[in-house]
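Asks: Sequence:
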Amino acid sequence: MSKPLIIGITGGSGSGKTLFLKQLMEKIEEGEISLLSLDNYYKPRTEQPLDERGVENFDLPESLDRERFSNDLRKLKQGEDIIIQEYTFNNDEKKPQTIHIKATPIIVVEGIFTFYYEEILDLLDLKIYIEAPDYLMLTRRITRDAEERGYDLSDVLYRFQHHVTPAFKKYIEPLKHEADVLIPNHNGFSVGLEVIVSYLRQKVNQ
1 MSKPLIIGIT
11 GGSGSGKTLF
21 LKQLMEKIEE
31 GEISLLSLDN
41 YYKPRTEQPL
51 DERGVENFDL
61 PESLDRERFS
71 NDLRKLKQGE
81 DIIIQEYTFN
91 NDEKKPQTIH
101 IKATPIIVVE
111 GIFTFYYEEI
121 LDLLDLKIYI
131 EAPDYLMLTR
141 RITRDAEERG
151 YDLSDVLYRF
161 QHHVTPAFKK
171 YIEPLKHEAD
181 VLIPNHNGFS
191 VGLEVIVSYL
201 RQKVNQ
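With UniProt numbering as the guide, the letters of the sequence shown map in order to residues 1 to 206.
Quick caveat, the hints were computed from the structure, so don't treat them as lab data.
Source: prediction; values computed, not measured.
All clues stand as given, with none of them false.
FRET-style restraints, in silico, Cβ to Cβ: (1) T46 x S198: 43 to 49 Å; (2) H186 x L157: 21 to 27 Å; (3) I142 x G79: 37 to 43 Å; (4) V181 x Q206: 17 to 23 Å; (5) H186 x R144: 17 to 23 Å; (6) G31 x D180: 21 to 27 Å; (7) V181 x D134: 20 to 26 Å; (8) G188 x R144: 15 to 21 Å; (9) I142 x L175: 22 to 28 Å; (10) D122 x G188: 28 to 34 Å; (11) L157 x D180: 31 to 37 Å; (12) L50 x V204: 41 to 47 Å; (13) K203 x D51: 40 to 46 Å.
For each residue, glycine too, the CB sits at the ideal point set by N, CA and C.
Work out the full structure: start from the sequences and follow the hints.
Replies: This is the structure:
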């Protein structure tokens with residue numbers, strides 16, 4: 001491949017993007033694929049917008065450092081490796097990892113605002129949208145936020161109702177039409193995953 005293939009993956013919070021990505025990365029040969037996640041580009045907590053109750057809202061486009069993200073993606077596209085720090089939200093017990101992202105033939109860009117930021121959307125060669133029912137997204141969000149971000153159940157439910165759902169309806173779901181591939185994740189996504197894997201392997205071998 002003369003230039004990297006840039007894949008954008010988005011969907012609602014809890015739609016199954018993380019599991020899809022994990023299985024995708026496992027099926028592509030190491031050294032051929034890398035992942036750049038928007039989750040590591042949130043602004044510091046002290047710079048997050050606050051709702052009417054003074055709670056940080058991480059589900060707004062302005063919650064992320066889009067300029068740094070787009071600059072890093074362009075570096076990868078130009079063949080330059082990057083080093084970033086893991087973002088741990090409010091989990092003070094979790095030590096941030098240093099993440100070395102290599103400029104590989106396939107670069108996967110993942111995050112809820114992947115399609116929303118026009119400068120990112122314009123760089124994508126393949127756009128994938130993963131969808132799931134609301135009740136499944138809430139269940140997965142409860143599990144993830146409790147285990148990874150240190151939120152208790154009341155925090156998760158408050159954020160899902162007042163932050164996650166409004167942001168999804170306003171910024172994410174309306175851009176579903178931008179997707180080249182729509183993957184329903186109601187009862188799994190094995191067929192959709194295999195289609196994407198076959199496509200990527202073909203591209204890498206060209």
